[in-house]
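As a plain string of letters, each chain reads:
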Amino acid sequence: MTAYIARRFAQSIVILLGVTLLTFVLLHLIPGGPARGILGPRATAGQIAAFEQANDLNKSVFQQYVLYLDHLLHGNFGYSYKLNETVSSVFAQDLPKSLALVGPPTVLALAIGVLLGIWQSQRRDKLDDHLITGVGYVLYAMPDFWLAFILIDLFALRLFWLPPIAPSSQSWTAAFTDGKAMILPWATLTLVSIAVFSRYMRSSALDALSQDCIRTAQAKGAQRGRILRKHVIRNASIPIITLIGLSIPGLLSGAILEEVVFNYPGIGLATYNAALVKDYPILLGTTLVFGALTIAGNLVADIAYAYADPRVRLA
Amino acid sequence: MSINSASQGMLRPAQEEIAEGGEVGVGLHRGELLHDVFWGGRLARIGTTIIVFVVLFCFVGPLLYRTNQTQPDQLLITDPPSSQNLLGTDGNGFDELGQLMIGGQSALEIGLASAFLASIFGALYGAVAGYLGGFWDGLLMRVVDTMLAIPGLLLLLLLAVIFSNSTPALIIILTLFAWLGPARLVRGETLTLRTREYVQAAKLMGASSIRIVLRHIVPNALGTIVVNTTFQVADAILALAALSFLGLGPPPPAANWGGMLSDGTEYLTAGAWWLVYPAGAAIVITVIAFNFLGEGIEEALGARARS
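As you go down the protein sequences, you meet chains A and B in turn. Per this note's numbering, the first sequence runs over residues 10 to 324. Per this note's numbering, the second sequence runs over residues 79 to 385.
Treat the hints as calculated values from the structure; they're not laboratory data. Incorrect hints may appear among the rest.
[As the list claims (entries may be wrong)] Have a look at the derived ranges for each label pair, beta carbon to beta carbon:
(1) A:Ala-54 with B:Phe-131: 50 to 60 Å
(2) A:Lys-135 with B:Asn-146: 47 to 57 Å
(3) B:Phe-213 with A:Phe-71: 31 to 41 Å
(4) B:Phe-131 with A:Leu-285: 33 to 43 Å
(5) A:Tyr-316 with B:Glu-275: 38 to 48 Å
(6) A:Lys-135 with B:Phe-131: 40 to 50 Å
(7) B:Thr-270 with A:Lys-135: 34 to 44 Å
(8) A:Tyr-316 with B:Phe-213: 25 to 35 Å
(9) A:Leu-124 with B:Ile-124: 22 to 32 Å
(10) A:Val-34 with B:Glu-275: 35 to 45 Å
(11) B:Gln-149 with A:Leu-285: 22 to 32 Å
(12) A:Ala-54 with B:Gly-349: 47 to 57 Å
(13) A:Ile-14 with B:Thr-270: 41 to 51 Å
(14) B:Glu-110 with A:Pro-319: 21 to 31 Å
Predicted model, so just to flag it, every value in this text is computed and none were measured. Ideal placement from N, C-alpha and C gives every residue a C-beta, glycine not left out.
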């Protein structure tokens, strides 16, 4: 197990380095060069020269990359001249808010998706199975911002039950203290994720049902509920661990869109605003942090999987 | 969706299992194969029918349903549906149904083009990585892993900001994000294909690596590639919609579904439902059609193409 964890850890470090290399390359691909990209089109030649001097942009590319890594390791993700703030302080402020947006729907969608998937596996090819699959299909094919607008139109603009925008407080706790305003954003993200989780769980449960241990249990006369609990759910839940890890990038992408739709001041909205004014330090910072989150998520999922299913460690 | 997604195909369980690479179309006449693929199963039939309808709607529709799409009309801003404008008019006074047709053209063109480019590049990349194996495989696949670690929409956003968002640039940007899936799939398939007797035989006869990859490996992974391309079209349309919603889609005046949705939402509080629902429905229907077709082909070819 230690060897497996060590190997996966090393792989993650390599990929993380890859992400830093990618952001570094993108920084240098900015038309006009990184100095002009960061300072903006109005910067004078003198300002650009000074910036290049101060940020070692006249050193060799290799030296620059090493320095870049050094900065990152010291928590220096760059400085946004557009916001007049360091990138890390923007993250410290906005990332918790995004996690408060993404967290509850993920847990909720997971619970509902797993139950739906097991239900469907028991009702295979019956009307309700097809119905749930159909609805999941439509939800999956739906742009999530469109789903958000449908919910806003229905529940906020026509029925007046819920506010159409999320709390815009600077504190992440607002998501929980002003829960009513979070219902629509949370509901949108939950619905989109349920489609994925339930479909995956259905096929995973069907897979588990076809295994020999189920037939043996049936032959021994075990009751249906017991078989379901002891064999099907246990075996079928293991792949879900991987799925949680894999769904992180999708959730973060979804967060960007939802935050724009509901005007929720998380890191997604900050990224969107950065894209509008070409605020490269923020954009590249988000790329790094989201990349790191994804890599860490996959690593944790893989290790959890190896604990749950010892066969993986040998692979 | 999740372009989540932009949609890296979230409904497709990511299993690293290695597929059984079957030889494509063995014992089947080409015509029969085509029939099976596009018409054989129920899903394929529904998918093909809808796609044909959408293509006719977008490309032939404007010839039959002639509307003013060039001169903004101040007197016709956000008019509700009427006998004159079947789906009402948008914020510029353009006929919404006509916009929907034109918007679909760019969605289909950009979606198809980037899906094809991504499949070709991804398949070759994956085949080379799988065939070379060892160090090169490790290196090439870490590049793929690195790019997959960045949420798709963010990568698209970043690329669209750094480069321009003209139509050709958008195709390339979407391709840069979409080739990762086929690369992984084809690499997995190549790992089994390269141990097959006919590949070994070709190698013994002195065939070059390029020849083996192009003549033996890629053709036998073709089923997987074709099915995946179909899913890629759906994903690209969704990704383009998300990008357009964020204001980085094809530049105006060209209409596109995502951009129409984005504009339409500004009039949602005024009750202009016709600017929000039809464009979204068009995206959903088209995406479902391509997913159906993909599943239909998958069934017919027995290929495993979910990344």
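For each hint, the structure was consulted:
no., hint, in the structure
1, A:Ala-54 with B:Phe-131: 50 to 60 Å, "holds (58 Å)"
2, A:Lys-135 with B:Asn-146: 47 to 57 Å, "holds (51 Å)"
3, B:Phe-213 with A:Phe-71: 31 to 41 Å, "violated (22 Å)"
4, B:Phe-131 with A:Leu-285: 33 to 43 Å, "holds (37 Å)"
5, A:Tyr-316 with B:Glu-275: 38 to 48 Å, "holds (40 Å)"
6, A:Lys-135 with B:Phe-131: 40 to 50 Å, "violated (30 Å)"
7, B:Thr-270 with A:Lys-135: 34 to 44 Å, "holds (36 Å)"
8, A:Tyr-316 with B:Phe-213: 25 to 35 Å, "holds (31 Å)"
9, A:Leu-124 with B:Ile-124: 22 to 32 Å, "holds (29 Å)"
10, A:Val-34 with B:Glu-275: 35 to 45 Å, "holds (42 Å)"
11, B:Gln-149 with A:Leu-285: 22 to 32 Å, "holds (29 Å)"
12, A:Ala-54 with B:Gly-349: 47 to 57 Å, "holds (53 Å)"
13, A:Ile-14 with B:Thr-270: 41 to 51 Å, "violated (29 Å)"
14, B:Glu-110 with A:Pro-319: 21 to 31 Å, "violated (47 Å)"
The earlier numbered hints that this structure contradicts are 3, 6, 13 and 14.
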